[in-house]
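The listed protein sequences derive, respectively, from chains A and B.
Letter 141 of the first sequence, counting from 1, is numbered 140 in numbering that gives the first Met the number 0, and no numbers are missing.
Letter 95 of the second sequence, counting from 1, is numbered 94 in numbering that gives the first Met the number 0, and no numbers are missing.
Read the hints as simulated data drawn from the structure, not as lab findings.
The reader is advised that the hints may include incorrect statements.
Said to hold, decoys possible - Pairs of lysine-lysine residues, derived as PhoX-like cross-links and limited to a Cα-Cα distance of at most 20 Å, are as follows:
(1) A:Lys275 / A:Lys260
(2) A:Lys351 / A:Lys306
(3) B:Lys121 / A:Lys291
(4) A:Lys34 / B:Lys63
These figures come from a predicted structure and were not determined experimentally.
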Amino acid sequence: MDKRTPLYDKHVALGATIQSFAGYLMPIKYGTIKKEHMAVRDSVGVFDLTHMGEFRVTGPDSTAFLDKLLTNDASVDNGKAYYSTMCYPDGGIVDDLIVYRIGDQEYLMVVNAANLDKDWAWVQSHLQGFNVNVSNESNETALVAIQGPRAQEVCSKLTDYDLDSIGYYEHTTGKFAGIDALIARTGYTGEDGFEIYMKYPDAETVWDAVVQSGEEFGIVPIGLAARDTLRLEVGYPLYGNDIDHSTTPIEAKLGWVVKLKTDKSFIAREVLEQQKAEKPGRYLVGMVVTGKGFPRHGTPLYSGDRKIGIVTSGSIAPALNQAVCLGYVERGFQKRGSELEAEVRGKRIPMKIVKIPFYTEGSRK
Amino acid sequence: MSNIPENVRYTETHEWVRKDEDNFVIGLTDHAQHEMGEIVMAELPEVGAEATKGDSMGGLEAVKTAEDFYAPLDGEVAAVNEELEANPALINEEPFAGGWLFKIKASDGSQFDGLLTAEEYKTHIGE
Numbered sequence: 000m001d002k003r004t005p006l007y008d009k010h011v012a013l014g015a016t017i018q019s020f021a022g023y024l025m026p027i028k029y030g031t032i033k034k035e036h037m038a039v040r041d042s043v044g045v046f047d048l049t050h051m052g053e054f055r056v057t058g059p060d061s062t063a064f065l066d067k068l069l070t071n072d073a074s075v076d077n078g079k080a081y082y083s084t085m086c087y088p089d090g091g092i093v094d095d096l097i098v099y100r101i102g103d104q105e106y107l108m109v110v111n112a113a114n115l116d117k118d119w120a121w122v123q124s125h126l127q128g129f130n131v132n133v134s135n136e137s138n139e140t141a142l143v144a145i146q147g148p149r150a151q152e153v154c155s156k157l158t159d160y161d162l163d164s165i166g167y168y169e170h171t172t173g174k175f176a177g178i179d180a181l182i183a184r185t186g187y188t189g190e191d192g193f194e195i196y197m198k199y200p201d202a203e204t205v206w207d208a209v210v211q212s213g214e215e216f217g218i219v220p221i222g223l224a225a226r227d228t229l230r231l232e233v234g235y236p237l238y239g240n241d242i243d244h245s246t247t248p249i250e251a252k253l254g255w256v257v258k259l260k261t262d263k264s265f266i267a268r269e270v271l272e273q274q275k276a277e278k279p280g281r282y283l284v285g286m287v288v289t290g291k292g293f294p295r296h297g298t299p300l301y302s303g304d305r306k307i308g309i310v311t312s313g314s315i316a317p318a319l320n321q322a323v324c325l326g327y328v329e330r331g332f333q334k335r336g337s338e339l340e341a342e343v344r345g346k347r348i349p350m351k352i353v354k355i356p357f358y359t360e361g362s363r364k
Numbered sequence: 000m001s002n003i004p005e006n007v008r009y010t011e012t013h014e015w016v017r018k019d020e021d022n023f024v025i026g027l028t029d030h031a032q033h034e035m036g037e038i039v040m041a042e043l044p045e046v047g048a049e050a051t052k053g054d055s056m057g058g059l060e061a062v063k064t065a066e067d068f069y070a071p072l073d074g075e076v077a078a079v080n081e082e083l084e085a086n087p088a089l090i091n092e093e094p095f096a097g098g099w100l101f102k103i104k105a106s107d108g109s110q111f112d113g114l115l116t117a118e119e120y121k122t123h124i125g126e
């Protein structure tokens, strides 16, 4: 039985196309994907992301525990957040996540909905030896994101907190629309924006306040389909598409969240260190379609007759009006400017490797 | 609810078929275009290509999905909608008019009578 977020009735009333995603009935789109996408690029949109999972880590060993579990460095200042991967001992990725440091001995991990049960089991299985408590707050925590260049103007009317003092990947706890919330300047769109975490019963209050506050900026609700095109356009990987147990952060060009220069002994450190030194056999790259066609997840990539890779995400990039892809290619073929071909319905489509992000005009601060 | 006009026939693969003067015009139903979302590319058959009932004649790419479309009748491709090259969104905007896909010169026009009626198509899509 699929779960409903506390905003489910809002989505139905707005005429959303609703589908099951990671065990939740989620809005996929309300109108047209391109219009939702462009609203976030040009002005502002509001998202219900309550399906995301939240684990709260508390106790004296919180930092040490996360430094064991995650590839990135947990010892950031209170009020800061960081993006990380969490790896299996073989270097494959369990999940990618955002971690908010709430206090000296308190963190909030935000994980992908589709990985919630697996992540919870993984976290639980590593508790031994650490004086920490981890609680799964996923079923009581709602998440509303406000993203786009006008996001701060929408949010500043709803809190007394000076939002200018919250930098990118920083957060605070405080009143938002009159309720207690975690207010973070984070997102998955390439735009400036905020993610507001609150208890389930407060979600409708926040949603309504955001919609009302955003009215003058033409705020529109954004479904998961546009969330996907927004993240692809700025080259953010999506777990299950571009990264999974069979890929490592080094291959996925996420080496910047693998802190090999520290002395922390996180899970998979040796394997990743070795892979970095020896160079992986393949790399995640960004590609634009220079011919006509739309390669998708699973489409093979060729250099001449030789199969050299596979597309992991592909869509039109609405702000660029251009088909773009992420995918893995064999080492030696990853150079920017290299030409290759995708095979769709038996036809070869010319592609070119380009720099990520595809879209570079984002308002992200 | 989808628009399901009664002056055309339908297939289970969501094409509509209308009798033209000499040919049969084929397009994508309103229900199907809505399910697919904004169509960003239409890959159409060559004029003169052989059409065999049930065979894939081309593909449609939407933002999130891709679907083939199929020949509802045997015959030969008599025309394709060149407008879709520049403006594939016509399939979403006017699925039964400017968004038509291609025309078939049928080798056996009586196959048309075996296609689904509006009422049958409505049942097929559960509306």
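The hints, checked one at a time:
1. Between the alpha carbons of lysine 275 of chain A and lysine 260 of chain A the distance comes to roughly 12 Å, so the proposed pair stays at or under 20 Å and holds.
2. As the CA atoms of lysine 351 of chain A and lysine 306 of chain A are separated by approximately 15 Å, the hinted pair is consistent with the 20 Å bound.
3. Restraint check for lysine 121 of chain B and lysine 291 of chain A: not satisfied, since their Cα atoms lie roughly 35 Å apart, outside the 20 Å limit.
4. For the hint linking lysine 34 of chain A to lysine 63 of chain B, the alpha-carbon distance of about 14 Å falls within 20 Å, and the restraint holds.
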